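*Asks:* Number 65 in our numbering belongs to position 65 of the sequence shown; there are no gaps in the numbering.
Hints in this document: simulated from the structure, not taken from any laboratory.
Keep in mind the model is a prediction, meaning the values are calculated, not measured.
Even for Gly, the Cβ is constructed at its ideal location relative to N, Cα and C.
Treat the hints with caution; some may be incorrect.
Restraint ranges, calculated between C-beta atoms of paired labels, are given here [said to hold, decoys possible]:
1) S20 to T85: 13 to 23 Å
2) I79 to N8: 14 to 24 Å
3) A83 to P14: 15 to 25 Å
4) N8 to M84: 15 to 25 Å
5) R16 to Y48: 10 to 20 Å
6) L13 to F49: 13 to 23 Å
7) G17 to A72: 16 to 26 Å
8) Q1 to D52: 29 to 39 Å
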Amino acid sequence: QFDLLPANVTESLPIRGQVSDADVYGVIGTNISFHDRDAGYSVTQGDYFVIDSETIGADDGTWRFRLVEQTASALIVDISLPAMT
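Using the sequences plus the hints, can you model the full thing?
*Replies:* As structure tokens, then:
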């Protein structure tokens with residue numbers, strides 16, 4: 001799951017979506033796999049998200065993008081979206 005969060009979360013609810021939504025997520029490159037003792041992982045090279053920050057009002061540099069793995073509720077990515085001029 002991904003979340004787009006405004007600076008004032010109490011004023012606006014976060015925008016949420018699923019990574020499986022082809023409108024916001026894409027892949028460049030090929031899949032690679034590796035395994036450790038506890039679990040198997042699939043890592044994709046060149047993952048990217050398309051965010052139309054102007055349309056959603058997230059172009060002022062105060063919004064955050066978070067990527068959460070839902071099964072374990074693990075935060076994978078938490079970054080600030082840059083201001084767009």
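*Asks:* Does each hint hold? Answer for all of them.
*Replies:* Going down the list of hints, with the structure as the test:
no., hint, in the structure
1, S20 to T85: 13 to 23 Å, "violated (32 Å)"
2, I79 to N8: 14 to 24 Å, "holds (18 Å)"
3, A83 to P14: 15 to 25 Å, "holds (19 Å)"
4, N8 to M84: 15 to 25 Å, "holds (19 Å)"
5, R16 to Y48: 10 to 20 Å, "holds (19 Å)"
6, L13 to F49: 13 to 23 Å, "holds (19 Å)"
7, G17 to A72: 16 to 26 Å, "holds (19 Å)"
8, Q1 to D52: 29 to 39 Å, "violated (19 Å)"
The earlier numbered hints that this structure contradicts are 1, 8.
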